[in-house]
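S.K.: For reference, the chains in residue letters:
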Amino acid sequence: MKLYDKILLLTTLQIVAIFIFGIYQIQSLYLTQKKAFDQKNLIQIEMIQKRFEEKLIELQKTAHILINSQEVITGILSNDTDMLYNWSKLFLSSSIDKIHFIDLDGTVISRGEAEFRFADDISKQFYTQQALLNNTFLGIDRVDGEECLVYTERVKQYGEKPIGIISVALVIDHEFLSSLVEGTTMSLAYQSEHQSISTAKERTLINASSLSLMLQSGSINDATFSIGLTSEKELLALKEARTNFFLGIALALIVLVIALHFTLLKYLKEYETLAQVLIDFYEDRLDIKDVIGKIKLSIHKQPTTEIKKIAEALFNMSQKVSDTQNALELLSSTDQLTALANRRKLEEYLEQKLKESNRGNFFSIVMLDIDRFKVINDTYGHEIGDHVLIHTANLMQSVIRESDMLGRWGGEEFLLILPQTNLEGALVMAEQLRSKIYHYQFEHYPQRVTMCLGVAEYRVNDTPNSILRRADHALYRAKNNGRNKVEYEN
Amino acid sequence: MLVKLFFLSLFLLNTVHAKEYIFAIYPSNNPTKIIQAVTPLMEYLSEQSGDTFKLIVTKDYDELTQRIEEKSVDFAWVNSKNFVLLKEKKPSLRYLVTYLENSKSGQITPYYRSFIIALKETNITTLENAKGKHFAFTDKESTSGYAYPMMIFEDHHLNPYTFFQKVFFLKKHDKVIEALINHSIDIGAISDGTYYSAREKYGDKFNILASSAPIPLDAIVASENVSIEESQRISKLLENIPKDAPSNKAFEEHLGWLSAGFVKKDEHFYDTFKKTLKVPIYETLR
Numbered sequence: 001m002k003l004y005d006k007i008l009l010l011t012t013l014q015i016v017a018i019f020i021f022g023i024y025q026i027q028s029l030y031l032t033q034k035k036a037f038d039q040k041n042l043i044q045i046e047m048i049q050k051r052f053e054e055k056l057i058e059l060q061k062t063a064h065i066l067i068n069s070q071e072v073i074t075g076i077l078s079n080d081t082d083m084l085y086n087w088s089k090l091f092l093s094s095s096i097d098k099i100h101f102i103d104l105d106g107t108v109i110s111r112g113e114a115e116f117r118f119a120d121d122i123s124k125q126f127y128t129q130q131a132l133l134n135n136t137f138l139g140i141d142r143v144d145g146e147e148c149l150v151y152t153e154r155v156k157q158y159g160e161k162p163i164g165i166i167s168v169a170l171v172i173d174h175e176f177l178s179s180l181v182e183g184t185t186m187s188l189a190y191q192s193e194h195q196s197i198s199t200a201k202e203r204t205l206i207n208a209s210s211l212s213l214m215l216q217s218g219s220i221n222d223a224t225f226s227i228g229l230t231s232e233k234e235l236l237a238l239k240e241a242r243t244n245f246f247l248g249i250a251l252a253l254i255v256l257v258i259a260l261h262f263t264l265l266k267y268l269k270e271y272e273t274l275a276q277v278l279i280d281f282y283e284d285r286l287d288i289k290d291v292i293g294k295i296k297l298s299i300h301k302q303p304t305t306e307i308k309k310i311a312e313a314l315f316n317m318s319q320k321v322s323d324t325q326n327a328l329e330l331l332s333s334t335d336q337l338t339a340l341a342n343r344r345k346l347e348e349y350l351e352q353k354l355k356e357s358n359r360g361n362f363f364s365i366v367m368l369d370i371d372r373f374k375v376i377n378d379t380y381g382h383e384i385g386d387h388v389l390i391h392t393a394n395l396m397q398s399v400i401r402e403s404d405m406l407g408r409w410g411g412e413e414f415l416l417i418l419p420q421t422n423l424e425g426a427l428v429m430a431e432q433l434r435s436k437i438y439h440y441q442f443e444h445y446p447q448r449v450t451m452c453l454g455v456a457e458y459r460v461n462d463t464p465n466s467i468l469r470r471a472d473h474a475l476y477r478a479k480n481n482g483r484n485k486v487e488y489e490n
Numbered sequence: 001m002l003v004k005l006f007f008l009s010l011f012l013l014n015t016v017h018a019k020e021y022i023f024a025i026y027p028s029n030n031p032t033k034i035i036q037a038v039t040p041l042m043e044y045l046s047e048q049s050g051d052t053f054k055l056i057v058t059k060d061y062d063e064l065t066q067r068i069e070e071k072s073v074d075f076a077w078v079n080s081k082n083f084v085l086l087k088e089k090k091p092s093l094r095y096l097v098t099y100l101e102n103s104k105s106g107q108i109t110p111y112y113r114s115f116i117i118a119l120k121e122t123n124i125t126t127l128e129n130a131k132g133k134h135f136a137f138t139d140k141e142s143t144s145g146y147a148y149p150m151m152i153f154e155d156h157h158l159n160p161y162t163f164f165q166k167v168f169f170l171k172k173h174d175k176v177i178e179a180l181i182n183h184s185i186d187i188g189a190i191s192d193g194t195y196y197s198a199r200e201k202y203g204d205k206f207n208i209l210a211s212s213a214p215i216p217l218d219a220i221v222a223s224e225n226v227s228i229e230e231s232q233r234i235s236k237l238l239e240n241i242p243k244d245a246p247s248n249k250a251f252e253e254h255l256g257w258l259s260a261g262f263v264k265k266d267e268h269f270y271d272t273f274k275k276t277l278k279v280p281i282y283e284t285l286r
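Sequence lines, in order, name chains H and R.
Read in order, the letters of the first sequence are residues 1 to 490 in the working numbering.
Read in order, the letters of the second sequence are residues 1 to 286 in the working numbering.
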């Protein structure tokens, strides 16, 4: 795995781990908040239930206070509308909308909420009948055309003798529902066969549950109080916050990974390029010169200081290796005396030319040998012999073309390989070389130096040995024919 | 100098003889209103008599009666019923004058009447065809709202508690009108003043089914503390109150009473009221 991939993977894994932890924390927080939200709703529902029960208790309590007043009893007995009105209006409040005193015939003696409205017959009303039959009634019924929570009880003189009925009622209207849910986030809806009211604008309540009513069944049986949330805004806000956190984290993760990717790309690419150059060099895909070239290129790309330093160090190292290699190569392919290619180098070149000839190229070779060189050594010493060899090589080198390869074959023998040269061309070249040497006056050797030259042209299916043998035969023929001659193969 | 001394002596003598009288009145209305309405009368009497008249408003009828009996007040404004009852109890109580009303019928009278009325739209024109209807008195303590209507029923040989389907007590005369207008009751007993006010307010919407005998208006009495001469002197002063006196205006302004001052009647003027006290009470505890 690449360094880039490793760093990216490891860093990404760590970031992802941190973010997963973050998500876990947010989710935990959300669940805690959700629990608190549910708990709050539960408490609110209980509170509203309690308020509802308090309203019922208030109705009963008020009725009992009035029932136990001697003035009220006297008022009922004497149909004293005014006294009953004055008493009852003292008890009208936000929890009590209607207080009615009714005689045993079901005729209203007084209404606390309407001073001049009385004397009507309500004996057929369910709550009146219930009070007359069962002493009390606590339930929902229509009182003066309005649906009410109504409590009725028989009023008794001396605690025994029924003399009338008191009904205390609270109108089930929007105001009533609002008073129950005031200060909460809940909404309350009332549904009966006659009306449908709600504290919420929306018709449906979310997570609605029914208030438990401890009421006697009355004329309005299907009445229900539903309690619930108007909207889940709070919860939705919580969910939205969580989603936003998640999205934020995901976005941050993506941005971080992309940023990491580009940072790694920026800083590791140069390292990677350098590393790749070294790897390619190690795996022989590049030689030292290519390595130097590529490093040079990377230095010119204005890398970071660190990379530049590393690249320069590598460049210097490569340069040294290259120099050393060149020196070694030169040493291994050069004849030390004449500075011409040595025999190994010549053989390699010949092999190369033979391979190229298979693809249609052609060449010729010239085998050269200094005549009676042993005599020079014997007569003038090795130093002069070496002098002759060196100058002969230099002279020949000056004559041949740049593309030609001249090397010392061994002793006083040389081999000249002439690419793209046929036999005629090779003979011309050979003759030029013979002539040049023959006419040259050596500085430290007074005699003329002559050479025999055997020329051979490439033939199909030639091997190094076959062509060398033909050139060698030509050379011997030149030797045998009196030396200082150029001969060619038959 | 001698003349000056003579007048000073006269002034001092007068000052020594000037008395301070307590004038009590029952709380027929808000005490503050009563004080505002009656204070000019006290000022008039103080000014005219040279004595000082201090006004007190009692808590109720009982306190007024008790104070007269205890002689802790010198003069008192009492209603007809109280006068009759007090006079029976304390014959020494001195009658001074009777209140005069400039009634809405246009007459200046020392009496008023009680009417039994129904809404015209109900087509009840006589007491007899109101059987089985809803009826309302004002208060059992009321003269025109209960006592005299009961005399009317007696004259018609009717027991309202059995003749009507229901009988209610609404305390105030105005409430009887409002209950009629709201159709809570079919007929009711009220004072003639209330009737005339209702006509002004609602128009000619009511039938008068029956009218009572004249009901003497309130009286001013003096306790035994006050001598006969003093009583007569004060009685004269009260009789002579001019029509446009501040006291009459104050009554109208603060209590809505169209006062025409006071008149001295014979004590027997209140005898008709005695009859109402003898009316059998038909009410039973049902």
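Heads up, a few of these hints could be off.
[Said to hold, decoys possible] Using 27 Å as the maximum straight-line C-alpha spacing, the simulated BS3-like pairs for lysine-lysine come out as follows:
| # | chain 1 | residue 1 | chain 2 | residue 2 |
| --- | --- | --- | --- | --- |
| 1 | R | K140 | H | K156 |
| 2 | R | K89 | H | K89 |
| 3 | R | K172 | H | K98 |
No lab work stands behind these hints, which were simulated from the structure alone.
S.K.: Which hint numbers does the structure go against, in order from smallest to largest?
M.R.: 2
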